[in-house]
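Line by line, the protein sequences are chains A and B. Take the first sequence: its letters are residues 1 to 322, numbered as in this note's numbering. Take the second sequence: its letters are residues 1 to 322, numbered as in this note's numbering.
Heads up, the list lumps identical chains together, so a pair's fine if it works in one copy or across two of them.
Within a straight-line C-alpha distance of at most 30 Å, the following computed DSSO-like cross-link-like pairs (lysine-lysine) qualify:
| hint | residue 1 | residue 2 |
| --- | --- | --- |
| 1 | K104 | K67 |
| 2 | K67 | K28 |
| 3 | K288 | K106 |
Keep in mind that the hints were calculated from the coordinates and are not lab data.
2 protein chains.
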Amino acid sequence: MLNLQLIKEAAARIAPHIHRTPVMTSHKFNEASGKQVYFKCENLQRAGAFKARGATNKIRSLSDDEKRRGVIAVSSGNHAQAVALAAREANVRAVVAIPADAPKMKVEATRAYGADIRFFDRQRDDRDAFGREIAEREGLVMVPAYDDYLIMAGQGTCGLEFLQEVPDLDCVLTPCSGGGLFAGVSTAARALNSEIQCFAVEPETANDTQLSLAKGDRVTIPPSPTIADGLRVQSPGALTFPITQQNARAVLTVSDIEIAETMRFMLFRLKMLVEPSGATAAAAVLCKKLPADLKRVGVVLSGGNVDPDVLADLLQQGENEQ
Amino acid sequence: MLNLQLIKEAAARIAPHIHRTPVMTSHKFNEASGKQVYFKCENLQRAGAFKARGATNKIRSLSDDEKRRGVIAVSSGNHAQAVALAAREANVRAVVAIPADAPKMKVEATRAYGADIRFFDRQRDDRDAFGREIAEREGLVMVPAYDDYLIMAGQGTCGLEFLQEVPDLDCVLTPCSGGGLFAGVSTAARALNSEIQCFAVEPETANDTQLSLAKGDRVTIPPSPTIADGLRVQSPGALTFPITQQNARAVLTVSDIEIAETMRFMLFRLKMLVEPSGATAAAAVLCKKLPADLKRVGVVLSGGNVDPDVLADLLQQGENEQ
Numbered sequence: 001m002l003n004l005q006l007i008k009e010a011a012a013r014i015a016p017h018i019h020r021t022p023v024m025t026s027h028k029f030n031e032a033s034g035k036q037v038y039f040k041c042e043n044l045q046r047a048g049a050f051k052a053r054g055a056t057n058k059i060r061s062l063s064d065d066e067k068r069r070g071v072i073a074v075s076s077g078n079h080a081q082a083v084a085l086a087a088r089e090a091n092v093r094a095v096v097a098i099p100a101d102a103p104k105m106k107v108e109a110t111r112a113y114g115a116d117i118r119f120f121d122r123q124r125d126d127r128d129a130f131g132r133e134i135a136e137r138e139g140l141v142m143v144p145a146y147d148d149y150l151i152m153a154g155q156g157t158c159g160l161e162f163l164q165e166v167p168d169l170d171c172v173l174t175p176c177s178g179g180g181l182f183a184g185v186s187t188a189a190r191a192l193n194s195e196i197q198c199f200a201v202e203p204e205t206a207n208d209t210q211l212s213l214a215k216g217d218r219v220t221i222p223p224s225p226t227i228a229d230g231l232r233v234q235s236p237g238a239l240t241f242p243i244t245q246q247n248a249r250a251v252l253t254v255s256d257i258e259i260a261e262t263m264r265f266m267l268f269r270l271k272m273l274v275e276p277s278g279a280t281a282a283a284a285v286l287c288k289k290l291p292a293d294l295k296r297v298g299v300v301l302s303g304g305n306v307d308p309d310v311l312a313d314l315l316q317q318g319e320n321e322q
Numbered sequence: 001m002l003n004l005q006l007i008k009e010a011a012a013r014i015a016p017h018i019h020r021t022p023v024m025t026s027h028k029f030n031e032a033s034g035k036q037v038y039f040k041c042e043n044l045q046r047a048g049a050f051k052a053r054g055a056t057n058k059i060r061s062l063s064d065d066e067k068r069r070g071v072i073a074v075s076s077g078n079h080a081q082a083v084a085l086a087a088r089e090a091n092v093r094a095v096v097a098i099p100a101d102a103p104k105m106k107v108e109a110t111r112a113y114g115a116d117i118r119f120f121d122r123q124r125d126d127r128d129a130f131g132r133e134i135a136e137r138e139g140l141v142m143v144p145a146y147d148d149y150l151i152m153a154g155q156g157t158c159g160l161e162f163l164q165e166v167p168d169l170d171c172v173l174t175p176c177s178g179g180g181l182f183a184g185v186s187t188a189a190r191a192l193n194s195e196i197q198c199f200a201v202e203p204e205t206a207n208d209t210q211l212s213l214a215k216g217d218r219v220t221i222p223p224s225p226t227i228a229d230g231l232r233v234q235s236p237g238a239l240t241f242p243i244t245q246q247n248a249r250a251v252l253t254v255s256d257i258e259i260a261e262t263m264r265f266m267l268f269r270l271k272m273l274v275e276p277s278g279a280t281a282a283a284a285v286l287c288k289k290l291p292a293d294l295k296r297v298g299v300v301l302s303g304g305n306v307d308p309d310v311l312a313d314l315l316q317q318g319e320n321e322q
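The shape of chain A in the complex, shown without the other chains (with noise of 0.2 Å):
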C-alpha cells in the first residue's frame, strides 16, 4: 500500500543517490498566469527527469539475490535512462528494451549509463511480453515504469520534498500518464496538507486517466500523436488508478499548441529546458485551466530530456506564430 510512512522510508533510501532538486519561482510566470507559483525542477533531476527516484528505491529495495540476479525495464524514455543509471551506482546489471525506432539521443543516454539494450519492434513486438520473457530466460528482475509501490514511494518523494519546502500550497499538479508521479505526489501531499487539492494534467489527446475517472473505471484509447512522447501511455496502471481516483481534485487537459506555448516561456523567460511531457502542468496553469480561487500553486517540471531536432522544431513553429 502507498502511504507517507512508505514515501519517508523511500526518501532516506535514496537521499545519497539522487538530487534534492531546487524549487523555483518566477515573477514572469506569476504575472502571466495570475498565480503565485512555485515549480518543482525535476527537469534538474539526474539522468534529467523524477524517474530517477522511483527506479531507485525500487533497485536498492531488492534483496541481495535479486541484486546477483540483475534488472530489467521496458521503455524508450526517461525511465529507461533512470534504471540504467540507479542500477549502475548500486553495482547490478541492466539490460533495458527499447523500441528500435525510439530517438538515438535516448538509446545512447541509457547505453552510457552502462546498460545492456535490447531492441524490440514497436508494431510487430508485444513490448510487455518481450521484456517478460527475457526476464524470464535471464533471471531478471522487472523494474515497472509506474505499477508498483515501491516505484510510486520514490516518486512521492517529489512531493515530499515540495511541501516540506512550500507547505501553504492551494494546489499542486502534476503530469499524469501511468499515474506513478501523481499518486506518490498526491499521497505525500494530502498527508503533508489536508486542504490541498491535487490535479492530474494530461494532453487532451492522451487522456486516458480523465476518461478513466469519468467512466469510474480505466479506459484504454488508442495511441496519441501528442509531443508529450513521455504520456502517451494508453491507460491508467492498475494500482495506480484507485490512487488516482481517491486524490485527484480533476484532470486537467492541455492541447499540444499550449505544451509548446508554455516550453516556449520556460525556455525564454525562466531560461529552463522542460521537455514536453514536463511541461504540461505548467501549461495548464498558464492557459488558465485552474479554479480562480486557488492562488498558491505548485507545479512539478517533471523532465528535461528534449532532442535537439524536437526543439528546433519548437522554435520555428514559435517563429511561424509571431
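Let chain A serve as the given structure and place chain B on it in line with the hints.
Leaving out everything else, chain B in the frame of chain A:
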C-alpha cells in the same frame, strides 16, 4: 575605489530587489571537464543577467534629486533591460538609447519594463555622444554599463554570494567585456579567499582585454563578429582595466564554435539556457583551457537572454556537426 566594503554595501542595498541566484553542480559537466565545477547561475537573475545587480546598486544610490531627474543608459543588450527594471522598481524614470537594428525581443523586453526608448543609428551616430546629448538636454543621470565603481560593486555581489556559498575554490572565471563583472567578482573573491586565482574569459576575436594586459595599456580592437553579442566591447574600461591588471591571473579565450558547443551542453545536459556571452567562462573549462592543478572551479554563467533565431541556428549547427 572598489573594495570589499563597497561590495558589501551594495549587497545590503540590492538584496530586496534581486535574486540570490543558485549555485549548481553537474556530474556530467565534471566528467566532461575533469574538474569539480560550481556554476553561479546569473542566467536566472532578474532580467536574465548579472547586470541587474550593478544597475540596481547605482540607481538605489542616487540622491533624491537625481532620482527625480531620472536616468539614461545606452545599450542594446542586458544592461538596457537591467536599467529599465531597476528604475521602474525605484520609481525612477528611465530613458534607454538603443541601436535601431537591435533585436526586437530585447527592445520589447526593455519597453515592457517601462523604459522610454530612443533609437540611434549604429553606423551614423556616436553612441556615447547620442546618450550624453539626451542626458544633458533632459537632465538625466547616466548609468554606465561598467566603468563606474557602484556598477562594479553591484556586479561584485555575485562574487560575494558565490564565495560565501563555496569558499574553497581554487579559481573563479567570468566572461569579460568592459570588465565590470570581472572587476567586481575578482575583488570580492580575492578578499574572501587570498589564494584564489581569477580568470577573465573573452571570445578569441574580441580579446581586447587580453591584448591590453599583454601591452600593459588599454588597446582598442576592431569590431568583432563573435556570437557572444554581450562581449563585443572594443576596449577595457578606464576604471576597470587597472583592477583587471591587478586581479587577473590570465585572460583565456574561446572560439565561437567552443561557445556554441558549450551552450548546447548546458542546454541538453544541464537543462539551462545560457546566452553566448554567458557561456564563455564555462566554455573555457569544458574546452580545457585551465591549468591542470586547478581542480575546484567557480564559473559565472552571466546571462541567459538568447533570441529564438540565434538558438535555432545553434541547434542547426549542432545537427550538422553530428
